[in-house]
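Please model the entire structure based on the sequences and the hints provided.
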Amino acid sequence: MGFLAKLAFKNLFRHKLRTFVSIVAIAFSVMIVVFARGYIVGLIDNLTVEHIQYDSGHIKLITHEYRDQERLLPLNYPVDGLGGRGLEEMVAALKDIEGVEMVIPRLKFGAMVSTGDELVTISGWGVDPEQETAFTDIERYLVEGRMPQPGRLEVMMGTALLEKINRRVGEKVTIVFNTAFNSLQGVTFTIVGRTESGIKLLNEVVFYLPLDQAQRLLEMDGEVTEVLLVTPDKKLVPQVLPRVQALLAEHGEDGRYLALGYKDTSDLIFFMEIAKLIYNQIYVFLVLLACIVVVNTMLMIVKERTREIGMMSALGLESKDIMRLFLTEGAIMGVTGSLLGAVSGSLINGYFARTGFDFTAATSGFSSEIVFNAVIYPLSSPGNTIFAFFLGVVIVTIACVIPARRAARLEPTEAMRA
Amino acid sequence: MALLEMRGLTKIYDQGKIEVPALRGIDLTVEQGEFTTIFGPSGSGKTTLLNLIGCLDRPTAGTIIFDGQELAGLEKKALAMIRRRHVGFVFQSYNLIPVLTAYENVEFAVRLVNEYEKKEIRDRVLRILEAVGLAGLEKRKPNELSGGQKQRVAIARALVKEPKLILADEPSANLDSKTSEEVLQVMLKMNQELGTTFIFSTHDPRVMEYARRLIEIRDGQVAKDQRRG
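One line per chain: the protein sequences are A and B, in this order.
The first sequence maps to residues 1 to 418 in this note's numbering.
The second sequence maps to residues 1001 to 1229 in this note's numbering.
Don't take each hint at face value.
With the C-beta cut set under 8 Å, the calculated list includes, among others, these residues of chain A facing chain B [stated by the list, open to error]:
(1) PHE3
(2) LEU7
(3) PHE13
(4) ARG14
(5) GLU308
(6) MET311
(7) LEU317
(8) GLU318
In silico DSSO-like cross-links for lysine-lysine, where the CA-CA straight-line distance does not exceed 30 Å [to be verified]:
(9) B:LYS1119 / B:LYS1139
(10) A:LYS6 / B:LYS1141
(11) A:LYS303 / A:LYS16
(12) B:LYS1224 / B:LYS1164
(13) A:LYS320 / B:LYS1119
(14) A:LYS16 / B:LYS1139
(15) B:LYS1139 / B:LYS1189
(16) A:LYS320 / B:LYS1141
In short, the hints are calculated from the structure, not lab data.
Here a beta-carbon is modelled for each residue, glycine too, at the ideal position from N, C-alpha and C.
Shown next as structure tokens:
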């Protein structure tokens, strides 16, 4: 009955201000849903991406002992190959596993640097610059100079660390560290690059150096502290992980090595995933809150139009048609409000997805062990906008069942006496 | 041929602990094409009788046969279908839909019947609006019409689907005497031209003057039933 839809549409213009207020209430709540969901999903995504890039890969391969003492960055529990056949062969075998796109060895170690007045504790990451650039966003954070090159005594540091040790790009820095054989070494490097990111760990603690130099200086030829495996998508981890574990078992190395999915190495991601589910329920309540305004408006409308409902019933309109008429009115408000809210929320998200929210000052007290970017970029995605739009439409329409049923249940004789 | 036959029609309203009898065994027959007025004091049962005849309510006891069909046992949906197709209503306060134009208000009733093509609907609506003297006012909304014009729209709305019966509850109550006269003339004309049966409920002596049959209701019973020339 198209004319009922036409009538429902026209009815919205009877009290323009009232309709406007209802639509604004829906739009506002849907806008907040789009924004809040974009913010939370963006936060979790950023957190996950950074954890994967700078800590765990999609799958992290380390020794059991290293896992127990990881915070101390020990050098005496290295990853050095399968069945004594060397790291290169191990990397090749891992690359052959279906679903493994990249294999990234890293050699992490503790070090110190003197400012003249004090010793600053830092962390060295021996990396293959080419692979690191391909896998992480480190090149995006490079604000001056370049990545260190293999075969050279070069380092790259975060801006805050350079300020702390009072050095600039192009200058030399002497870094002190223990080798795998526990002998103290002091080596002078040229600073070739400076990074700037919201990640405290990269900004204040880590210096990058070429993997071959790290292995040579630490006396760890053919050894690394961890091997990260990268899959084409993080969703593939549950399928790839058992294949990696099978490879370790095949070589009798499952007792020594540990293959961990990215979620196994961060409690924070686990809790954030739960928070995401909880927030999804909060969004429903948020829209329900706006529905109070709509339901209240609709109940007023039913009361005002009681005689009219009686008249329509007398003309032969069935209860279900009357219910449909009021539900259509609610649905039109729901669609209009949700559309406005989804579009405006999406525009706000689009803006903040570019500029981000800078929480550097607020998170300055956080431990650098948490790989966390203090600049949070909300996720601006069509999926999020569509989710919020349909959430608004469905909940508002369902809420309108209450007044619509009241209208439909009116007896024509009583309605006409009202 | 009888359009309506009522036998022992009783309606008792259950108001908690008290039962209020509104109709006490009405026996009436209304022929096709009659122009009938039901009158009586307030609370006598006129509106209740009209509601039962109009399939808006169901009797507590008795039978009511509309165009050969017994109404008492019918479901709400079946009653709605009879109202939709065969009964037209004209109300004291017009009860037009304010957001619709005169044309759309009339169209609303014929659209419900769902039996006509778009062009036929348009032709019917325009024809009936012209017949009630509203040609040229089709696009006006109720708030742009006078009381008499509104009641003409209501009459057009009741007539457009060519029902067998039109029930008019105090149709002249809100109209001045001149307008009331005009509206009654329109209804009489439709009765004569289309053979539609009209039943009025009224206090208005002017309406009674037009009626071919006068039925007086008192205390829920037929006190007088008088036919004129």
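Which of the numbered hints are not met once you compare them with the structure shown?
none
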